[in-house]
Amino acid sequence: MLFKNYDPLKKKQLSILDWKGNIVTPELDPKLSKEELLKMYKTMALGRVADIKALQYQRQGRMLTYPPNRGQEAAQVGAMAALEKQDWLVPAFRELNAMLYKGVKLEQIYLYWFGNEWGNHFDEDVRVLPVNVIIGSQVNHAAGIAYASKILKKNEVAVATIGDGGTSHGEFYEGLNFAAAFDAPLVVVIQNNQWAISTPRSKATKAETLAQKAVAFGIPGIQVDGNDILAMYVATKEAAEHARSGKGPVLIEAVTYRLGAHTTSDDPTIYRKDEEVKEWELKDPMIRFKKYLIDKGFWSEEEDVKLDEENNHYVGETFKKVEATGLAVLEDIFKYTYKEMTPQLLEQLAEYKKYLEEGGK
Amino acid sequence: MAVITLLEAINQALDQKMAEDPRIVVYGEDTGFEGGVFRVTAGLQKKYGVDRVFDTPIAEAAITGSAIGMAINGLIPIAEIQFDGFVFPGYTEIVTHMARYRNRSRGRHGLPIVVRFPVGGGIRALEHHSESIETLLGHIPGLKVVIPSTPYDAKGLLVSAIEDPDPVIFMEPKRIYRSGKQEVPEELYRIPIGKAKVVKEGTDITIVAWGAFVREVEKAIKLIENENISVELIDLRTINPIDEDTIINSVKKTGRFLVVQEAVKTYGPGAELISLVNEKAFLYLEAAPARVTGFDITVPLAKGEHYHFISPERIAAEIKKVVKF
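Protein sequences appear in the order of chains A and B.
For the first sequence, position 11 (counting from the first letter as 1) is numbered 11 according to the working numbering, and the numbering increases by one without interruption.
So the number in the working numbering is just where the residue sits in the second sequence, counting from 1, plus 1000.
You can trust all of the hints, since none of them are fake.
Derived CB-CB ranges, DEER-like:
{"id": "1", "chain 1": "B", "residue 1": "Arg1039", "chain 2": "A", "residue 2": "Ala204", "range": "41 to 47 angstroms"}
{"id": "2", "chain 1": "A", "residue 1": "Tyr314", "chain 2": "B", "residue 2": "Lys1046", "range": "55 to 61 angstroms"}
{"id": "3", "chain 1": "B", "residue 1": "Tyr1307", "chain 2": "A", "residue 2": "Glu340", "range": "40 to 46 angstroms"}
{"id": "4", "chain 1": "B", "residue 1": "Thr1298", "chain 2": "A", "residue 2": "Glu357", "range": "45 to 51 angstroms"}
{"id": "5", "chain 1": "B", "residue 1": "Asp1245", "chain 2": "A", "residue 2": "Ile270", "range": "53 to 59 angstroms"}
{"id": "6", "chain 1": "B", "residue 1": "Val1198", "chain 2": "A", "residue 2": "Lys247", "range": "56 to 62 angstroms"}
Lysine to aspartate or glutamate pairs mimicking EDC-like chemistry, simulated, CA-CA at most 16 angstroms apart:
{"id": "7", "chain 1": "B", "residue 1": "Lys1320", "chain 2": "B", "residue 2": "Glu1227"}
{"id": "8", "chain 1": "A", "residue 1": "Lys42", "chain 2": "A", "residue 2": "Asp304"}
{"id": "9", "chain 1": "B", "residue 1": "Lys1280", "chain 2": "A", "residue 2": "Glu351"}
{"id": "10", "chain 1": "A", "residue 1": "Lys85", "chain 2": "A", "residue 2": "Asp125"}
{"id": "11", "chain 1": "A", "residue 1": "Lys154", "chain 2": "B", "residue 2": "Asp1051"}
{"id": "12", "chain 1": "A", "residue 1": "Lys53", "chain 2": "A", "residue 2": "Glu309"}
{"id": "13", "chain 1": "A", "residue 1": "Lys339", "chain 2": "B", "residue 2": "Asp1164"}
{"id": "14", "chain 1": "B", "residue 1": "Lys1253", "chain 2": "B", "residue 2": "Glu1286"}
{"id": "15", "chain 1": "A", "residue 1": "Lys53", "chain 2": "A", "residue 2": "Asp308"}
{"id": "16", "chain 1": "A", "residue 1": "Lys153", "chain 2": "B", "residue 2": "Asp1051"}
{"id": "17", "chain 1": "A", "residue 1": "Lys296", "chain 2": "A", "residue 2": "Glu35"}
{"id": "18", "chain 1": "B", "residue 1": "Lys1017", "chain 2": "B", "residue 2": "Asp1164"}
{"id": "19", "chain 1": "B", "residue 1": "Lys1280", "chain 2": "A", "residue 2": "Glu347"}
{"id": "20", "chain 1": "A", "residue 1": "Lys339", "chain 2": "B", "residue 2": "Glu1163"}
{"id": "21", "chain 1": "A", "residue 1": "Lys361", "chain 2": "A", "residue 2": "Glu351"}
{"id": "22", "chain 1": "B", "residue 1": "Lys1324", "chain 2": "B", "residue 2": "Glu1286"}
{"id": "23", "chain 1": "B", "residue 1": "Lys1017", "chain 2": "B", "residue 2": "Glu1187"}
{"id": "24", "chain 1": "B", "residue 1": "Lys1321", "chain 2": "B", "residue 2": "Glu1227"}
Cβ-to-Cβ under 8 angstroms is the rule here; a few derived chain B residues that face chain A:
{"id": "25", "residue": "Asp1051"}
{"id": "26", "residue": "Gly1065"}
{"id": "27", "residue": "Ser1066"}
{"id": "28", "residue": "Leu1075"}
{"id": "29", "residue": "Asn1103"}
{"id": "30", "residue": "Pro1165"}
{"id": "31", "residue": "Gly1194"}
Everything labelled a hint here was simulated from the structure, so no lab data went into it.
Glycine included, every Cβ here is placed at the ideal spot set by N, Cα and C.
So that you can see chain A by itself, here it is in the shape it has in the complex (with noise of 0.2 angstroms):
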């Protein structure tokens, strides 16, 4: 109903939480429990301050090159919110809240920006792929695991995030083509921020919506306000839904704002205007989803500052760790390029090995 009702080519958005705070289509509150409420929230203010924190590394030359993604922790928590633990996170590469929220651990995901692969390896129990730095072709990993998923009978969602700009991508279509053909339960949400680099999104397609490209690959596309927590969390609930049940695959288009710059190395003053970002800070997702709890009386004030505190502490101990451990082993930029070291990397190793124990450099 939900997808009829939010018809992308009638330019219908879904918004629940309008960006006042206030709840505009009561029919479709989600009414959460305060415990899942505040786990959202709690995960997007963590986001937050280890977002701002790796800027601020990264300015220090402590932290390599670095995504922000301040302004999108609705999109990608409100998505996350709505899955099952068994349903697969199939991430770009500015998905911190969406990884926290998934159960990646902050120290793995400082780890990898630090630049260190061990960063890419979570748990077990976590199904979350590594970061993945080509543009749109998580979209066809994230297909072959919706496929297993539906030929194995393992009840698994697979969730591939994109940005606007990945959805320029050749692999944006084989993918979603691909999942559909087979009725794979794939979910793609694309965080539609505006900005590929420095190109906008009206200048990469002459599309009026990116989830009007669902119409093509005959599944259902919705575009939804990516800063409103709850919509996010229902559109996503109804697609992993209508993906689980064998109708396959959907779109989401969550439209928010990147407040922050692409990586460190860009200076988004060059190719936007102030006005634009500040209209969009007003739309901030955090702002309204705490005034929303605090109007439930599931928060307050003083219990924020003490979790930006709490937060400071853990992100300053956690990014202290990774300084102190996150090193290179030598052995392991050899060893995991195979199961077992071929003789032509064993030789290698051993030979530069020998070469620095004599003195080397």
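Place chain B on chain A using the hints.
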């Protein structure tokens, strides 16, 4: 023991492994219902159903990319690319993800995947249907690259490829799919990846070839059988990792080295093999190592293909040149 073709040997390996391991899926463009354009997978869909043997949309990146997700989520995908020249739209996934996933995840996600496709020229086909792209795959860390030259090897190598915990590129020399039959055991057996085979022992010159060209070298040896040249012929069988020991031990014995490759010359596998010989058997060499290769050109269409294709006569001439160096 049944006498079968290379194509039938591949089909048999797929069939027997599928019967044994329900995690295996076989798929690609026209791979399911029709059994592939060469009929390599004929009969498998009927036997194992449309979930395990299926036709895909014409989307090579989806074929190779989805294999990654399937392998992560409990399947052993055997993906077919219809022709060598069609690998490239799927190459992005092979190179940027498939080859790296184990390393990227520090061992969390190894990918047991086989990507198979027909390679090489000699069937008078259209453009993009006759490519020899060993280097483009053999150059990539994280991939194993295999190419059989006989029905017996095809079955044994494919079984090893399917059982390998890492992605294996399995190239099938299409020109010899049906030409030449051999006794192939009914039961499953394995030929280890990374091991070359000494096809013929000799003392004067070591020749390395693979795929369809092992036979061409054998023909060349026949042409000069009265010239008192003792050739040691090695079938490389695995492009990467290279079996260095077999090659180096042979060159130490013969002192002469020739590579025969269908692929274009520059940066081809021959360049790597000759470097290897120079690095590890330099002082044993009695002649400059040599190579007979395809020219550095786009594979010509049917009416010009014979110029590009290396004849047994050209190989024989090169053998004599190296021996008389």
